[in-house]
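Here are the chains, one letter per residue:
There are 4 protein chains.
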Amino acid sequence: MSAQIPIAVRDRVSDKAAKTLDIVAKFVDEECIPADTVFEAQVGVGEARWQAHPKILEDLKEKARSLGLWNMFLPKGHYKESPGFTNLEYGLMAEWLGKSRVASEAVNCAAPDTGNMEVLAKYGNDAQKAQWLKPLMDGVIRSAFLMTEPQVASSDARNIELKMVRDGDHYVLNGSKWWSSGAGDPRCKIYIVMGKSDPNNKDPYKQQSVILVPSDTKGITIHRMLSVYGYDDAPHGHGHITFHNVRVPATNLVLGEGRGFEIIQGRLGPGRIHHAMRTIGAAERALEWMLMRINDPTKTPFGKQLREHGVILEWVAKSRLEIDAARLVVLNAAIKMDEQGPKAALKEIAQAKVLVPQTALTVIDRAVQSFGGAGVSQDTPLANMWAQIRTLRLADGPDEVHLQQMGRNENRRGKEVAAKIAAQKAKAEELLKKYNITRSEIGSNIKR
Amino acid sequence: MSAQIPIAVRDRVSDKAAKTLDIVAKFVDEECIPADTVFEAQVGVGEARWQAHPKILEDLKEKARSLGLWNMFLPKGHYKESPGFTNLEYGLMAEWLGKSRVASEAVNCAAPDTGNMEVLAKYGNDAQKAQWLKPLMDGVIRSAFLMTEPQVASSDARNIELKMVRDGDHYVLNGSKWWSSGAGDPRCKIYIVMGKSDPNNKDPYKQQSVILVPSDTKGITIHRMLSVYGYDDAPHGHGHITFHNVRVPATNLVLGEGRGFEIIQGRLGPGRIHHAMRTIGAAERALEWMLMRINDPTKTPFGKQLREHGVILEWVAKSRLEIDAARLVVLNAAIKMDEQGPKAALKEIAQAKVLVPQTALTVIDRAVQSFGGAGVSQDTPLANMWAQIRTLRLADGPDEVHLQQMGRNENRRGKEVAAKIAAQKAKAEELLKKYNITRSEIGSNIKR
Amino acid sequence: MSAQIPIAVRDRVSDKAAKTLDIVAKFVDEECIPADTVFEAQVGVGEARWQAHPKILEDLKEKARSLGLWNMFLPKGHYKESPGFTNLEYGLMAEWLGKSRVASEAVNCAAPDTGNMEVLAKYGNDAQKAQWLKPLMDGVIRSAFLMTEPQVASSDARNIELKMVRDGDHYVLNGSKWWSSGAGDPRCKIYIVMGKSDPNNKDPYKQQSVILVPSDTKGITIHRMLSVYGYDDAPHGHGHITFHNVRVPATNLVLGEGRGFEIIQGRLGPGRIHHAMRTIGAAERALEWMLMRINDPTKTPFGKQLREHGVILEWVAKSRLEIDAARLVVLNAAIKMDEQGPKAALKEIAQAKVLVPQTALTVIDRAVQSFGGAGVSQDTPLANMWAQIRTLRLADGPDEVHLQQMGRNENRRGKEVAAKIAAQKAKAEELLKKYNITRSEIGSNIKR
Amino acid sequence: MSAQIPIAVRDRVSDKAAKTLDIVAKFVDEECIPADTVFEAQVGVGEARWQAHPKILEDLKEKARSLGLWNMFLPKGHYKESPGFTNLEYGLMAEWLGKSRVASEAVNCAAPDTGNMEVLAKYGNDAQKAQWLKPLMDGVIRSAFLMTEPQVASSDARNIELKMVRDGDHYVLNGSKWWSSGAGDPRCKIYIVMGKSDPNNKDPYKQQSVILVPSDTKGITIHRMLSVYGYDDAPHGHGHITFHNVRVPATNLVLGEGRGFEIIQGRLGPGRIHHAMRTIGAAERALEWMLMRINDPTKTPFGKQLREHGVILEWVAKSRLEIDAARLVVLNAAIKMDEQGPKAALKEIAQAKVLVPQTALTVIDRAVQSFGGAGVSQDTPLANMWAQIRTLRLADGPDEVHLQQMGRNENRRGKEVAAKIAAQKAKAEELLKKYNITRSEIGSNIKR
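Chains as they are written, first to last, in my numbering: chain A, 49 to 496; chain B, 49 to 496; chain C, 49 to 496; chain D, 49 to 496.
Fair warning: there could be bad hints in the mix.
Only pairs whose alpha carbons sit at most 20 Å apart, straight line, appear in this in silico EDC-like list of lysine to aspartate or glutamate [as the list claims (entries may be wrong)]:
(1) B:Lys-170 to B:Asp-280
(2) B:Lys-475 to D:Asp-107
(3) C:Lys-395 to A:Glu-95
(4) B:Lys-473 to D:Glu-332
Restraint ranges, calculated between C-beta atoms of paired labels, are given here [stated by the list, open to error]:
(5) B:Lys-64 to D:Lys-64: 45 to 55 Å
(6) A:Thr-348 to C:Lys-481: 27 to 37 Å
(7) B:Ala-96 to A:Gln-52: 47 to 57 Å
(8) D:Lys-67 to B:Gly-132: 29 to 39 Å
(9) D:Val-93 to A:Thr-486: 17 to 27 Å
(10) D:Gln-99 to B:Thr-486: 14 to 24 Å
(11) A:Glu-489 to D:Val-213: 44 to 54 Å
(12) A:Thr-348 to C:Glu-387: 41 to 51 Å
(13) B:Lys-391 to D:Lys-468: 32 to 42 Å
(14) B:Phe-350 to A:Ala-471: 47 to 57 Å
Hints were generated in silico from the structure; no laboratory data involved.
All C-beta atoms, glycine included, are put in the ideal place defined by N, C-alpha and C.
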């Protein structure tokens with residue numbers, strides 16, 4: 049909440065945002081986290097899980113709107129639909145949302161809708177906005193972003209190969225998508241689909257287009273849902289979807305043919321900040337559960353509470369330190385994005401993208417370990433959190449791809465620093481002469 | 049297989065064991081791993097998962113017996129029922145069994161039956177053996193070991209508190225158990241239960257007893273099954289079981305009242321070797337899947353196969369090295385147990401217990417990462433393997449408890465090494481005098 | 049330099065500070081780093097190393113003063129002698145100073161003088177200030193802080209036991225000190241000494257006093273100098289000093305008898321920020337040397353430059369990320385100290401104290417490894433940097449002491465979070481009732 | 049000593065070797081370690097360090113010979129000069145030698161002489177043996193192996209470029225070498241030099257030759273000695289040497305022109321085992337010093353001895369485990385080399401080469417940390433040990449080169465395992481048909 053904002057960024061948080069943050073925090077702690085249990089119960093069992101729309105979520109949404117919590121993610125200054133928060137301010141709220149499974153959706157800030165709404169707000173035409181952005185902003189439908197494909201290395205988006213062939217006023221789509229997150233939800237009405245419309249374009253960054261496909265279009269089959277370490281994430285889910293001669297009006301194209309890369313790149317910055325801050329929140333919650341456990345007076349192996357044993361307090365200290373460091377990295381990236389735009393903030397965003405999930409996984413795993421068996425089971429939120437966050441080391445490109453890119457960028461300084469060091473060495477030689485002294489090298493007087 | 053046995057232990061493996069190992073390897077690779085898919089399909093969905101006994105498993109058991117693969121785990125020299133292999137020899141076979149979900153059960157070497165059979169063979173009386181050991185050895189029933197309890201810190205077994213009260217010729221049991229692995233299987237007919245029969249005994253290691261409880265005894269309720277990350281491990285499962293006035297004949301007591309600690313300690317050594325070697329096998333399989341992926345000609349991010357990218361080959365090399373090192377640690381422990389007994393091998397077994405799961409988790413996680421999304425899903429065996437092995441850092445005591453114990457044991461040398469170092473320093477002073485020379489300390493001539 | 053200040057803190061840096069920072073950066077890069085070589089040559093060999101006062105250092109000091117770079121460390125608002133920078137602002141400058149061996153002293157911001165000047169400015173009386181603070185501020189003498197003792201565990205300062213016995217108008221000191229850094233310098237004229245003046249005081253935090261001892265007082269012997277991984281750090285050095293009936297006027301007492309703890313605690317905050325930021329600077333320089341090496345066109349193992357090999361770019365990326373994260377942690381702590389005082393910033397300062405040296409050691413070690421043999425030798429600044437920074441994991445208390453303290457502090461939340469989670473669980477039960485639904489637990493319908 | 053040999057290898061150690069091992073252990077503990085102090089004092093200060101030949105070393109050599117400890121390194125079966133030990137047996141002795149600075153030389157088993165003697169014994173002709181092998185075996189001279197060069201990436205030996213030009217009956221050598229270890233010793237009489245004799249040979253592995261060069265040959269200059277962190281390692285030292293028209297008789301060529309690669313590859317196997325086992329010994333000694341410290345009754349921070357604090361016992365346990373695992377890896381490699389030759393043992397030797405130094409550095413660094421300031425200083429053997437062993441991650445090729453090679457080798461299985469997994473998948477499909485069942489995929493019945 050607002051009292052805990054790191055001092056370095058505190059003065060950039062408006063009073064309104066600070067107040068909203070406190071409302072978010074209270075809403076999450078007192079309403080959403082208890083609701084998570086009911087949500088899971090209402091999702092049910094078996095095939096019903098993919099038809100469910102838990103009542104409690106609609107109740108929470110109503111409550112959220114009455115508290116003024118709605119669509120806070122849409123950044124100030126970029127969209128007329130924005131409630132007026134910066135990425136920094138919303139980032140602080142997203143941390144709290146990340147502690148609960150239902151909270152983000154309850155305030156209409158859940159992925160992938162957030163990114164999809166940004167795409168529509170940024171690149172959609174008026175008709176597209178009216179048809180799809182409006183109901184998304186109102187929280188009456190949900191959406192999915194279909195990019196990743198099972199048969200290629202999608203971490204390099206140029207490989208995406210779902211066929212988009214122009215046929216009169218339509219495009220005809222054929223191919224497969226997977227990790228279509230959110231496609232399991234019966235309210236998911238619109239797919240934003242990336243495909244290859246111009247496979248022979250010499251510029252590999254102009255071969256792709258993005259098109260809007262209603263989820264009930266003929267020829268679309270939800271082949272199955274993918275599990276994440278045994279979790280199905282229903283009703284949201286991660287779809288494996290096939291397209292067989294799916295016809296979509298050409299007017300559904302977003303921004304224009306061949307502009308797919310432009311769209312996916314524009315979509316990523318804020319989303320990475322959101323993910324990172326929600327992940328920070330999850331790590332904070334894991335740390336709290338760990339604190340609860342190690343102070344549990346009924347659990348006293350070898351006559352002492354867990355907190356008094358060996359490495360436990362060091363785990364607590366390291367977790368605190370690592371979370372705090374990671375949060376500063378994300379917030380600094382958010383500020384950079386707010387003040388200089390996502391392109392200028394590429395380095396900072398990439399750092400947050402790589403650092404935060406690894407940090408959170410370490411913290412959560414310590415919490416699991418401190419719980420023993422309960423930690424891996426349904427009796428704590430820890431195992432599920434771990435599994436969800438483990439995917440963030442893969443989603444939007446695996447860590448290794450980002451690290452290679454970051455390494456290449458940093459390495460661009462190579463020539464310049466080599467020149468600087470060479471100049472420093474030359475200057476040193478000059479100074480040695482000036483002071484009329486020689487370097488004393490050990491062993492330089494040895495004679496054999 | 050036998051051609052890959054580390055050279056340091058090769059000469060201790062009999063020809064018979066080497067041949068059997070090759071049969072096991074072929075059986076696992078060609079029969080069991082393909083059967084895993086069918087097994088999962090036959091387990092079914094929903095509540096049926098806890099009633100299932102997949103047909104393919106019985107077919108595999110028949111095949112295994114025809115190949116001479118049955119009960120190999122029961123160590124030579126200790127039990128007349130043993131097929132004659134050492135812990136080392138069976139350990140090498142267990143590595144192969146660990147690559148498949150069904151393999152261990154197919155050759156009647158699945159936990160927890162193995163440890164339970166050892167308990168009965170070692171401590172059971174003739175009637176107990178006839179009633180329970182015989183059908184377990186024949187693979188017609190299964191069993192569970194009920195020790196861990198939800199409300200106490202079970203890593204310190206003295207905390208186990210299920211009440212066992214003598215009432216005439218019976219004991220009456222009241223309390224809760226969880227992580228009762230295997231209790232989900234409809235064929236699980238016998239529970240070996242640890243409880244507190246003498247809570248006031250001054251020796252906290254004599255308060256516990258172990259008793260045999262048929263799983264259909266009145267008063268027992270399977271409250272629910274625990275999940276491991278999102279997996280239910282059906283039909284095997286991990287039971288949360290309550291005992292309400294459960295009456296068992298006093299003749300079901302194993303070894304005698306107050307001897308529970310003796311039994312659980314005798315049970316652990318070989319089981320830890322088995323778990324460790326199966327885990328090595330899982331790590332090997334994960335490495336193979338990773339090799340498959342990084343050489344997949346259809347997956348070429350940024351124009352190169354994965355094996356040509358950045359850190360990938362280093363991951364392969366480290367995985368190879370870490371698995372090989374861990375295997376040597378386990379096999380050395382097995383030899384020590386074979387030649388000097390489990391008590392003498394305590395240190396070596398504890399090292400294997402701690403080292404192997406951490407090693408395997410690292411290897412498997414690298415494989416997951418190299419697969420991208422497929423790695424966390426049902427499309428590879430990796431995510432499930434990871435979750436199963438993650439529990440081994442907790443089961444039979446968390447790593448930290450073992451490390452503290454190992455640290456204390458090693459620290460017993462403290463006094464002796466301090467004396468040795470003191471003697472070395474004294475001798476050095478003596479020699480300085482003898483050679484009439486003084487230590488040259490830097491700065492010792494500074495005058496101010 | 050100012051263009052690289054992290055955006056989160058940029059707006060707190062005054063124009064004057066930004067300009068000064070740029071001057072510092074240029075002075076370090078163009079004057080100080082080249083001078084390091086000459087400095088080492090002028091220090092000479094053998095015993096002369098402890099008599100040396102390299103001429104180039106005085107020339108640099110003159111240059112520095114002419115550039116307006118002098119005593120920037122003394123924080124604004126606390127001392128009338130301050131040039132007016134905040135801890136944040138000076139921290140950014142300290143980063144640059146940390147790249148060169150001579151830079152800090154050239155601008156009169158070298159440890160331990162900085163901390164000692166703070167002690168005198170904060171706690172010294174007018175006479176003490178006139179006699180010692182004045183020449184220290186002018187850079188004409190140097191100083192040492194004598195706390196650590198060889199025969200006790202000094203990480204717990206209550207163990208400090210150098211005897212300080214009142215004898216009329218004097219105190220008589222007997223005992224040993226080591227790690228008296230700076231005592232090797234012939235210009236080191238004043239020791240600030242902590243000793244035990246009241247061993248029987250019931251409050252263990254009131255047994256210690258701090259007294260000023262001129263380094264040429266009778267009875268003081270520099271026994272020897274301690275090496276750091278083979279380096280003598282001459283002429284600065286780390287003294288091992290004995291006190292035999294050393295008489296000092298009682299007027300040399302700082303602040304009053306029994307107030308030693310108050311003084312050492314007041315001394316630590318800013319010093320830890322300085323150390324941390326200088327260490328960040330060293331890590332940056334190590335990364336630059338690494339970039340130079342991996343782009344060296346003459347070094348092409350297996351036909352490719354190092355930057356094209358395996359893990360190298362990932363090392364670069366991780367180093368960049370880890371340094372950037374660590375810097376934010378330190379700067380956030382500096383801001384907290386600036387705005388709320390060192391006591392409020394305890395947590396943040398401790399985090400910086402622990403995180404930064406470990407980060408820098410990792411970065412430097414990667415650089416060493418990328419250089420091969422040159423990395424461990426006198427041909428790069430890397431090995432020496434590593435050794436210096438390795439001591440920071442021990443100085444002012446080893447990491448583990450700080451982590452335990454940080455863990456204990458964080459753990460204070462234990463009770464509160466346990467209550468919160470309990471309330472959340474109770475609310476969930478209430479909601480389940482309200483929505484008339486039960487948790488669906490797997491396996492809860494099993495009947496045996 | 050013999051009682052501590054890991055059980056897995058114990059039966060391969062002959063009685064003679066076991067007895068010798070016990071003698072070595074006693075000799076090291078009681079004679080050599082105390083002598084280290086005297087040795088360092090006798091080496092002296094300043095330039096004299098490179099002229100010193102400490103008397104105590106000759107006394108130890110005499111003692112060693114009288115105990116039958118001499119040249120144990122020369123492996124049985126390969127050389128008529130061998131005292132008859134296997135690589136395994138000598139490896140166990142080398143562990144003890146690695147605890148002391150002087151021990152290896154005291155028993156004439158010091159690098160680089162050992163490798164050089166192997167080269168001469170294996171590839172030298174009779175004249176070469178008489179002139180150089182004989183006095184080396186007798187311990188009356190020492191030697192150096194000059195391969196690495198400052199101006200190229202020597203980790204790829206094809207880059208070695210010291211010019212060797214045939215001129216009548218002589219070769220003329222021009223170029224520079226560094227990291228010529230041992231060249232500082234005044235008794236170092238012979239250099240084994242690798243150079244490029246045939247730069248235009250199409251086979252890059254045939255361009256190099258190895259030639260014997262007496263260290264007093266005209267044209268050779270010891271330019272300087274390299275330091276390792278701040279240590280000079282005098283009198284041994286690491287030379288930076290220049291060759292200016294150095295003329296050597298063509299008869300000094302070893303094995304023949306163009307056979308340099310053959311020689312350096314033949315030289316490496318046993319040497320890597322020796323280094324690894326000595327490093328294990330150093331790690332054991334570090335652990336012993338740590339045990340001494342954490343049980344020191346005079347060092348009680350916060351009222352408890354160090355062993356009772358937080359993570360300390362876990363450090364002890366992990367150190368014990370990691371050393372034990374690493375030792376098994378080396379001994380298994382030694383056995384493979386003994387029984388199947390160095391070529392067959394390439395993988396195992398490379399694993400030892402990479403694993404052991406990293407393990408030892410971790411253990412030693414923990415010991416340093418537990419000592420506080422004393423750990424980095426001259427008062428413990430730890431800092432020096434760390435620095436020496438740090439070079440082993442670079443010498444004979446940096447870890448990363450070995451890991452890449454190991455990764456490539458392991459990756460050769462890629463095709464085979466891909467085929468196996470494909471076969472397993474095909475078999476699974478076949479079995480699904482046979483059992484007339486389909487895979488149950490979650491969400492496969494979703495209709496929209």
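Structure-based check of each hint:
| no. | hint | result |
| --- | --- | --- |
| 1 | B:Lys-170 to B:Asp-280 | 32 Å, violated |
| 2 | B:Lys-475 to D:Asp-107 | 15 Å, holds |
| 3 | C:Lys-395 to A:Glu-95 | 50 Å, violated |
| 4 | B:Lys-473 to D:Glu-332 | 18 Å, holds |
| 5 | B:Lys-64 to D:Lys-64: 45 to 55 Å | 33 Å, violated |
| 6 | A:Thr-348 to C:Lys-481: 27 to 37 Å | 33 Å, holds |
| 7 | B:Ala-96 to A:Gln-52: 47 to 57 Å | 49 Å, holds |
| 8 | D:Lys-67 to B:Gly-132: 29 to 39 Å | 36 Å, holds |
| 9 | D:Val-93 to A:Thr-486: 17 to 27 Å | 21 Å, holds |
| 10 | D:Gln-99 to B:Thr-486: 14 to 24 Å | 19 Å, holds |
| 11 | A:Glu-489 to D:Val-213: 44 to 54 Å | 29 Å, violated |
| 12 | A:Thr-348 to C:Glu-387: 41 to 51 Å | 42 Å, holds |
| 13 | B:Lys-391 to D:Lys-468: 32 to 42 Å | 41 Å, holds |
| 14 | B:Phe-350 to A:Ala-471: 47 to 57 Å | 35 Å, violated |
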